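Visitor: Residues per chain are reported as follows:
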Amino acid sequence: MTQSPVDGGPLLSVRGLAMRYDATTALAAVDLDVQNGEFLTILGPSGSGKTTLLRLIGGFIEPSEGRILFDGVDIAHTAIEARPFNTVFQDYALFPHMNVAQNVGYGLMVRGRPKSEIAEKVAKYLEIVDLAGMERRHPAQLSGGQRQRVALARALICDPRLVLLDEPLAALDAGLRRQMQEFLKSIQRQTGVTFLFVTHDQDEAVTLSDRICVMAQGRVEQIGTARDIYYRPKSRFVATFFGDNNLIEGCRVTVDGACVETPLGVIDLAAPTALAGKRATLCIRPESLSPLSEGETADMSIQAQVTAVDFAGPVTRALLETDAGVRLSLKSFSRPERDSILAGARLTIGFTASATALIPAEAAP
Amino acid sequence: MNAARPSPLSGLAVGAAIWAPLLALIFAPLMSFLIYGFFQVEDNQIQRTLSLETYREALTNPAYMRTFGKTVLLALQVSLACLVLGYATAYFVWRRPARWRAPLLFLLAAPLLMSYVIRIYAMRGVLGANGLLNGVLTTLGIVDEPVTAFLFNLTAVKLTLIVILLPFATLPTFIALERIPASLLQASSDLGAGAGRTFRSVVLPLSLPGATVGAMFTFVLAMGDFLAPELVGGIDGFTYGRLVFTQFGLAFNWPLGAALSALLLAVALCVVFGARAIGSARWRR
Amino acid sequence: MATVSANFRAADARRPLIGKRSLADWLLGAVAGIVFLALYAPIFLVFALSFFRTRRGEVQWDSFSLDWYGALFSNAEIAQALVFSLIVGFSATLAAIVLATGIALYASVPQRSERTRAVLEFLVFLPFLLPPIITGLSLLILSREIGLPRGFITISIGHTVFVLAIVYRILLTRIQAVSRNVLEASRDLGASRWQTFRYILLPQLGSAMAAAAMLAFALSFDETMITLFLVGDESTLPLRLYAMMRVGFTPEINALVTLVLIASVLLALIAARFIRGRVGDIEP
Ligand SMILES: Nc1ncnc2c1ncn2[C@@H]1O[C@H](COP(=O)(O)OP(=O)(O)OP(=O)(O)O)[C@@H](O)[C@H]1O
Ligand SMILES: [Mg+2]
Chain A
1 MTQSPVDGGP LLSVRGLAMR YDATTALAAV DLDVQNGEFL TILGPSGSGK TTLLRLIGGF
61 IEPSEGRILF DGVDIAHTAI EARPFNTVFQ DYALFPHMNV AQNVGYGLMV RGRPKSEIAE
121 KVAKYLEIVD LAGMERRHPA QLSGGQRQRV ALARALICDP RLVLLDEPLA ALDAGLRRQM
181 QEFLKSIQRQ TGVTFLFVTH DQDEAVTLSD RICVMAQGRV EQIGTARDIY YRPKSRFVAT
241 FFGDNNLIEG CRVTVDGACV ETPLGVIDLA APTALAGKRA TLCIRPESLS PLSEGETADM
301 SIQAQVTAVD FAGPVTRALL ETDAGVRLSL KSFSRPERDS ILAGARLTIG FTASATALIP
361 AEAAP
Chain B
1 MNAARPSPLS GLAVGAAIWA PLLALIFAPL MSFLIYGFFQ VEDNQIQRTL SLETYREALT
61 NPAYMRTFGK TVLLALQVSL ACLVLGYATA YFVWRRPARW RAPLLFLLAA PLLMSYVIRI
121 YAMRGVLGAN GLLNGVLTTL GIVDEPVTAF LFNLTAVKLT LIVILLPFAT LPTFIALERI
181 PASLLQASSD LGAGAGRTFR SVVLPLSLPG ATVGAMFTFV LAMGDFLAPE LVGGIDGFTY
241 GRLVFTQFGL AFNWPLGAAL SALLLAVALC VVFGARAIGS ARWRR
Chain C
1 MATVSANFRA ADARRPLIGK RSLADWLLGA VAGIVFLALY APIFLVFALS FFRTRRGEVQ
61 WDSFSLDWYG ALFSNAEIAQ ALVFSLIVGF SATLAAIVLA TGIALYASVP QRSERTRAVL
121 EFLVFLPFLL PPIITGLSLL ILSREIGLPR GFITISIGHT VFVLAIVYRI LLTRIQAVSR
181 NVLEASRDLG ASRWQTFRYI LLPQLGSAMA AAAMLAFALS FDETMITLFL VGDESTLPLR
241 LYAMMRVGFT PEINALVTLV LIASVLLALI AARFIRGRVG DIEP
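Protein chains in written order, with our numbering: chain A, 1 to 365; chain B, 1 to 285; chain C, 1 to 284.
It is worth saying that the hints were derived from the structure and are not from the lab.
Hints are all accurate, no fakes.
Residues from chain C shown here face chain A by an in silico Cβ test under 10 Å; the list is partial:
1) A185
2) S186
3) T196
4) Y199
5) P203
6) G206
Everything numeric in this text was worked out from a predicted model, so none of it was measured.
Glycine is no exception: its CB is placed at the ideal position from the N, C-alpha and C atoms.
Only chain A is shown next, with the shape it has when bound in the complex (with noise of 0.2 Å):
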């Protein structure tokens, strides 16, 4: 874990955030910290309350319930001006009758700032985000890219303590897209600013973040790094949201929680105590798994039988069915002579107990 506990508490702690309209719950009892100097994605699918959990904290909307303590404070009801946050919006949001460096100034200019300050500042920040010698522009005179460097310019000027991001990056095309993630990622460092940052592209998020907030249906599935989101799930949703998975459903975990019963055999594994005695699921990515040649082991072996092989480029998959009759998918890089793995085959294949995760099993049918 990287998390880093700076003096002491989170910077922002939401407690119990929740925000209903008429009908729908756009957010059910979040709850969330965000740590001094992070770069936390709030990732989830379209409509899981990303842009509503965005929105409640930089104060655009009051929530229906809940708490945001910044600094030890409530703000959930504080005036969106009074927050020391600032947004970079999704469609930019530049003022259209103003200039670049009008646009960048603007925080500075409405807190009556001395004149020579703001253009010291701005010529700063442009610096920053390499737009130097565009301050006379107007919005409708740059490119999407450069729109967006504006729109992050004017959002950092004013020192805020956290920036908010909702999509900043859904407008571009793919390539200004990888571009300017790494752009992202170093003003960050180098401002050390804290980004809490929504998105719904898996792989944005993996590259970007220290943390994830993986975000379903108006809750949060679950925290914590890359690494985590990845091989640890903790429920269902995360275990398939992010790439392939092998789900082997049928397991039990012993009343000790100190092994579980699947239908591959008995893999040691010190299981959640929550689970203990349960039945529940066993998650492990098919790049996991690995064919054994002859004389290798592993934590675990099976024997299956390879029903497809798919060619992709880098990567071969395989997919397999063990004499148990349960279904896997298997991952291993392509070589350039003809794979050992042929349709047909009989493989031995292996794989270690900390490289599978155990999450509840589905309700009984």
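Let chain A serve as the given structure and place chains B and C with the ligands on it in line with the hints.
Guide: This is chains B and C with the ligands only, laid out in the frame that chain A set:
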């Protein structure tokens, strides 16, 4: 610091600043004129005792009712003429190539910004015994002598109102036509409909509500007008609007004038609500 | 004709056209021609008459002169009426812009209920939708009841109420076109409500306000029927005209009418430019 919402007090102040002028300048006058209808005039003095006498007089006196009926008929004829002529003109302009449309539209709209009195005055120049219309007719040999039938009678009022109110009918029609999605027209021709067929089954049904709303507006304006009847109507062109206006001038019977125009208000409100229903039905479809 | 029709289709493919000019087409053209003639012939007649003399109803086409204009400029009553009209126009326009801006802002607050907005708009549009005679006489009665003498104030109120709907409509449309996000961004950057209005909304409303002001002014300048009820000792230009017309033709009316027409059309043209030109300001 705690003020995500404006405080209830400042919200109240803003609400008051918005509503107060509207209530004082629009609502209150309407109410006071409705109340005035309950007063009477005796010996050129307004008696502030409430009774239904004035309203009864206004609504039952056969002379007033005859004038009212005549004016409704006049307004109906005017608005119908505006509907037909306005629709044809709007449709004509709509079908011009793009570069002609804007200037033609401007020509249709510009008279709205020309003084009402001036346009009536100009119509007098056309309709008079020495007017343009007579000039054309005598030159063409259609009549031998200039006819006096065009000015200072009900026909003159009708013609003048039609010309003056036409822009109110053409503009809504044009806007309704412009709102028809191009894809509908293409779909219709694509499905094999000829131009006439497309007009009858696509263009007309989609634009008629807008045109009707415009025509209803001309009806209201024609009903209440007293300037055109006064300036080109003569004795024959005595309309309900003039009847009301007289009560505030020579006759000096404000309560009667108020009571008489309550009927006008009722008609106007019916038309306004009717027009709203037609206008919004168009979107529900 | 065939080439005209082909051009027509190429220029504007979305309007399905009859291949050949049919009878209906000709009829349509004829009606439109008559309508345009009816709209403009009277005006041109006045225009022409302002330069010529008439004798026993016959226009003397060889008598071109600017005499009527001369007579006009030496008519002090008309000059007074013109000045008064201008003052009333400015006051009513200013009042309508301020009031309509407030109402439009109030109505476009997102949490405003549908009902509130409907009642508000009903009130705003009423004086525009009702026959002017009703607006006029109801203001007359109220001003008498509260003891407000007829004159500048009553006329200005009448005109303000009359043009309010148009100004409101134009401003509301523009306010709704300003992205909500931009306003939120301003608040987010620390601006107060007032600062957001002053620095973000107002500059984007500017040209709409100018256009609305010109339209309002033109409408006020021409208003007659409401004014007739509210006029005191001082007369506006249209009322002066009305009075002159009732006593009979004085030829300098033609000159006056011509000048007023030209001014109105110029104002309308400028307003139209403003309304259209603005779209380009923001997204060139
Ligand atoms: N103003 C509103 N009124 C009613 N329902 C709303 C409102 N705003 C959001 N919702 C609902 O709340 C839910 C969450 O919306 P939200 O915008 O937070 O989703 P999101 O995760 O940002 O989705 P996306 O990825 O599509 O942007 C949705 O079901 C949405 O329909
Ligand atoms: Mg969203």
